[in-house]
Amino acid sequence: MDIFVLVKQVPDPEATIRIKTDTELEIENKYFTNFFDEIAIEAALRLKEKFGGKVTVLTVDHRRVDALRRGISMGADEAVQIADPALEGSDPFAIARILTAYLKDKPFDLILAGRQAMDDDSGIVGIALAEALNIPHVHSIIGLEVDPSKKEAKVIREVENGKEHLTCPLPALFTCQKGLNTPRIPLVMNVMKAMKAQIKKVDSASLGMEPNKVGSSSLQVKVLRYLPPPKRPPVKMIKEDYPENVKILVRLLREEAKVL
Amino acid sequence: MALDFTFTEEQEFFRQTIRDTVNRMIMPRVKELDEKEEFPWDLWREFAALGYLGLRHEEKYGGMGTDTITQMIFYEELARGSCGFFMSVTMQILMGTYFIGRFGNEEIKQRILVPAIKGEKIGTICFTEDQSGSDLAGTRTLATKVDGGWRINGRKQWITNGPIADFATVMATVDPKLGLKGLNFFLVERKTKDRDGFVSGQRLHKLGSRCSVTGELVFDNVFIPDENFLGEEIGKGVQYAGEILNEVRVMTGMSALAIAREAMEDARQYANNRIAFGNPISKYQLIREKFAKFWAWYEAARTFLYKCAWMIQNNIPCINECMLAKYHATEMCMYAVEEAMRIYGGNAFCTEYPVQRYWRDAKFLLYGGGTHEVLCDYLGRVYCKG
Ligand SMILES: Cc1cc2nc3c(=O)[nH]c(=O)nc-3n(C[C@H](O)[C@H](O)[C@H](O)COP(=O)(O)OP(=O)(O)OC[C@H]3O[C@@H](n4cnc5c(N)ncnc54)[C@H](O)[C@@H]3O)c2cc1C
Chain X
1 MDIFVLVKQV PDPEATIRIK TDTELEIENK YFTNFFDEIA IEAALRLKEK FGGKVTVLTV
61 DHRRVDALRR GISMGADEAV QIADPALEGS DPFAIARILT AYLKDKPFDL ILAGRQAMDD
121 DSGIVGIALA EALNIPHVHS IIGLEVDPSK KEAKVIREVE NGKEHLTCPL PALFTCQKGL
181 NTPRIPLVMN VMKAMKAQIK KVDSASLGME PNKVGSSSLQ VKVLRYLPPP KRPPVKMIKE
241 DYPENVKILV RLLREEAKVL
Chain H
1 MALDFTFTEE QEFFRQTIRD TVNRMIMPRV KELDEKEEFP WDLWREFAAL GYLGLRHEEK
61 YGGMGTDTIT QMIFYEELAR GSCGFFMSVT MQILMGTYFI GRFGNEEIKQ RILVPAIKGE
121 KIGTICFTED QSGSDLAGTR TLATKVDGGW RINGRKQWIT NGPIADFATV MATVDPKLGL
181 KGLNFFLVER KTKDRDGFVS GQRLHKLGSR CSVTGELVFD NVFIPDENFL GEEIGKGVQY
241 AGEILNEVRV MTGMSALAIA REAMEDARQY ANNRIAFGNP ISKYQLIREK FAKFWAWYEA
301 ARTFLYKCAW MIQNNIPCIN ECMLAKYHAT EMCMYAVEEA MRIYGGNAFC TEYPVQRYWR
361 DAKFLLYGGG THEVLCDYLG RVYCKG
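Respectively, the protein sequence lines represent chains X and H. FYI, in my numbering the residues of the first sequence are 1 to 260. FYI, in my numbering the residues of the second sequence are 1 to 386.
Isolated chain H (complex conformation):
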């Protein structure tokens, strides 16, 4: 029996546990987190104390070393709560600490990874600049080799956790003329009395996912020692980035599932109770069609995403699959939040109902892990080549 779509009893238990944790810790605060637009330090500390920030790291650094499917179950359930909090947590678990866990030396891991897993130090990853987002080859942040280390100069934008970050994995070029081949990752810490480092620039105010704080980081001739170069050899940054992207894309897809489901479950309840022309609006075929379409796309998206998780877990190459699944799940989510907005009628437009929050939160899915134009351009090219 090679094909089996069931979760094990243990995985179901894990899902139920996360669900309950999210219901108790996060759900009662979702509205407040969105409205305050501040990083919820109290929730962060409480949540970090449970140990989930170490989900995918080695046990010897305080992690749990779980498998990919377990991680994806965690992401799917966590994203039901506050989307902003989800972004901060996943940045810490995955993108913000991945290269430190992979390339950091023992001293760096003890000094940075161990407290990061405890939630005591906050991490992030920096690709985006004012003139380069999708187009990584346009990266202008420069790493210049000097005696005993590197000097970093540049500005990074749109950095999740940026305003509160203690350390960052920074993509910089050793020579802009080399394009993608010049790109590498460096570990840079925040400037303190005793250490050179980055400082915060402007903070951004966002449409959604508002309790994750986002902003600019400024690198003004920052010196970092040699061991802060994250990689085995120079010029492999893009390859390394590619190696984490499968996970990032499936994780992003998981949050699409969660947001879409929350939106549509609320909409279902609304449609069953809202009376128009003498009937609950769920009796009308045009409304029912929205649910049917959502349901079909949701089931397909979920199955595809877990297939990708399974492929990652079993080391089966799946770059295209993960792109397709992220693209599909995100478009499904866009459909769900859009239609939920319509099902709620005018009530969708006031902040009393959560549906507008799902709609706002969901929009972040369009950019992380590759915009859909970029993904589709690439995937279409691959498909046409045959």
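Chain X extracted, bound-state conformation:
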């Protein structure tokens, strides 16, 4: 099976993030692989181990390749970075267009992605790519079985109060949700391999992308303003004694916190 896995490097939860201007963030230089993408890599590797084939990790990122190295350290065979200054500032739709341009002539059985990226939480790229490639997709899967001879996959996804079992012809695109698997911890041998790995770079011109179709000039979604999370309100002390304090607490929970 030939599998592509879409991966993204996102700010580490420990990284400090500040609002620089209304539409610009200043992010500390600490990145790691999007959590859901690791689940996708793991799913791809398990299929490769069962049926053979090749796993390629793919990112659109002009600056960083951490997630590609992570993919190789887990066991992916190849890594491709679509990198071009022109791509800077692309929105999820532009990213999907770039990926479409790269993947449209490539043979593959399956594309896996995370259900969303943990930085912008948009969850658009995978689905938009599937639409553009005109292949079926299932979002947010927690179970995956493949029958390569029938070119078919059985997937499970969580829906409210239950699970939905689906079959889907291949090639297809699935986005992966927590619960599908536990990503492996890489062996040092593969970590070293990943440190030395040659990463294939592709630029947008070679994909025939018109400059106005990518980057900040192509935005369909625009950030108008970033707002910091609200400051924690001060603690309210109830000074009265029992039973008055209970009555006040219930009233506050009902009227101010509106949780009752």
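Worth flagging that the hints you see were computed from the coordinates, not collected in a lab. Please note that a few of the clues may not be correct.
[To be verified] Quick list of simulated restraints, FRET-style, between CB atoms:
id, chain 1, residue 1, chain 2, residue 2, range
1, H, Tyr353, X, Asp241, 52 to 60 Å
2, H, Ala2, X, Gly89, 31 to 39 Å
3, H, Thr8, X, Lys163, 42 to 50 Å
4, H, Lys31, X, Pro136, 43 to 51 Å
5, H, Val218, X, Gln198, 53 to 61 Å
6, X, Pro243, H, Lys31, 37 to 45 Å
7, H, Gln11, X, Lys154, 41 to 49 Å
8, X, Val250, H, Arg203, 17 to 25 Å
[To be verified] Cross-link-like lysine-lysine pairs, in silico, DSSO-like; alpha carbons within 27 Å at most:
id, chain 1, residue 1, chain 2, residue 2
9, H, Lys109, X, Lys193
10, X, Lys178, X, Lys154
11, H, Lys206, H, Lys121
12, H, Lys307, X, Lys193
13, H, Lys236, H, Lys181
14, H, Lys206, X, Lys30
15, X, Lys231, H, Lys283
16, X, Lys193, H, Lys118
17, X, Lys200, X, Lys30
No residue lacks a Cβ here, since even glycine has one placed at the ideal position from N, Cα and C.
Please arrange chain H with the ligand on chain X, whose structure you already have, making use of the hints.
Just chain H with the ligand, lined up with the frame of chain X:
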């Protein structure tokens, strides 16, 4: 551009990988490891399966042959987790296998180094005795030449991994009258049905780093064959020990960085949330000063340690630098854990909060790689000589 303080993108990736591995494998168990005070065999096997025990050994024995800076990044990140586990792992990677990798013959390397790198055999190094710690010349464990080999007699104390060790690199004297010139390293294995060897003596219960097991090894007229003499010629043991100490000291410094940082990051969070006299205590200047001092000393310690790692990697003589850096980083860490204890107020004194564990764990830094009295006595002498 000769001066460059940046890590490469690859080194950053390596650090991130170790960090993630430690976060997933070790962090959730740190409290339990400390409380149980037992060697965590399951964690050891899981961790060994990843291959890190071969970090600095040759590839043909299953190692990775990494450079010094990569190793130090590994130590710095690993020490964020359980300090006891860190001690067991570094004993295996560095001190416990170094002389076997360097002087063992092919048969010994296949029989001992290869399984050690897989974590299947556990190694240690033995200097300390009841009457000799800093003062190696006081070593009384005796190696007597006999036909085809040596007989070893003596007791070693404070041996990390001792109670579970399969093999040990043992410092012994061929003649106590020779002092430092009589000292040599020998490979001794644990006694089995078919082989003479050491047996375990008393196990010690420690203040900190509690999941690394520590104890006494007893050598009762143990016969070892000639090839178990680890060295090129007799009398060079102290010189050989000196050759590994740079690495040991910088490695110890790396764990000082890690413990100090964990303690102070926890303390920062505590100080930002703990309200006293109407304000978070981090608003008070006396509390802020603790963070500022720590920060200054931490940055200096880290830069100095990586400079030493770089010197080792480039074969630049750096014995004094490594001593200074270990001394400085460890004192910085003592300051950090002490002040973290104060920032936590009374809560520092209960086991619910990890700060007391950092404080207990950190104390081991004072002894390994030379006590500070011994290091400072030496360094002061060197400095005054000019
Ligand atoms: C957790 C832990 C693990 C250990 N693991 C090992 C191990 O695996 N293998 C091993 O061989 N050892 C091990 N040790 C022992 C360690 O190496 C010794 O504790 C260390 O060498 C110091 O020796 P000592 O404890 O005998 O102290 P001593 O040498 O007796 O020193 C006692 C005090 O006197 C001071 N002092 C000594 N000489 C001088 C001097 N010339 N001038 C001024 N002051 C001086 C010291 O600084 C110290 O304050 C371990 C120790 C600990 C705590």
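Status of each hint after checking the structure:
Between H:Tyr353 and X:Asp241, the C-beta spacing of about 31 Å breaks the proposed range 52 to 60 Å. Taken as a hint, the range 31 to 39 Å holds for the pair H:Ala2 and X:Gly89, whose Cβ atoms sit roughly 37 Å apart. A hinted range of 42 to 50 Å for the beta carbons of H:Thr8 and X:Lys163 is consistent with their spacing of about 45 Å. Distance hint check: the CB atoms of H:Lys31 and X:Pro136 are about 47 Å apart, consistent with the given range 43 to 51 Å.
Between H:Val218 and X:Gln198 the C-beta distance comes to about 54 Å, which sits within the given range of 53 to 61 Å. In this structure the hint that X:Pro243 and H:Lys31 lie 37 to 45 Å apart at CB holds, the actual value being about 40 Å. H:Gln11 and X:Lys154 have their C-beta atoms about 42 Å apart, which keeps the hinted 41 to 49 Å range intact. At about 57 Å, the beta-carbon gap between X:Val250 and H:Arg203 misses the expected band of 17 to 25 Å.
A hinted pair counts as satisfied when its Cα atoms are at most 27 Å apart, and H:Lys109 with X:Lys193 qualifies at roughly 25 Å. At most 27 Å may separate the alpha-carbon atoms for a hinted pair to count; X:Lys178 and X:Lys154 meet this at roughly 17 Å. Pair hint H:Lys206 plus H:Lys121 holds up; C-alpha atoms about 24 Å apart against a cutoff of 27 Å. The straight-line distance between the Cα atoms of H:Lys307 and X:Lys193 is roughly 26 Å, inside the 27 Å bound, and the hint therefore holds.
For the given pair, H:Lys236 sits about 7 Å from H:Lys181 by alpha-carbon distance, which is consistent with the 27 Å threshold. Proposed proximity of H:Lys206 and X:Lys30 is contradicted: the alpha carbons are some 37 Å apart, above 27 Å. Of the pairs offered as hints, the one joining X:Lys231 and H:Lys283 holds, with about 17 Å between alpha carbons and a cut-off of 27 Å not exceeded. Restraint check for X:Lys193 and H:Lys118: satisfied, since their Cα atoms lie roughly 19 Å apart, inside the 27 Å limit.
The suggested pairing of X:Lys200 with X:Lys30 holds, with an alpha-carbon distance near 23 Å, which does not exceed 27 Å.
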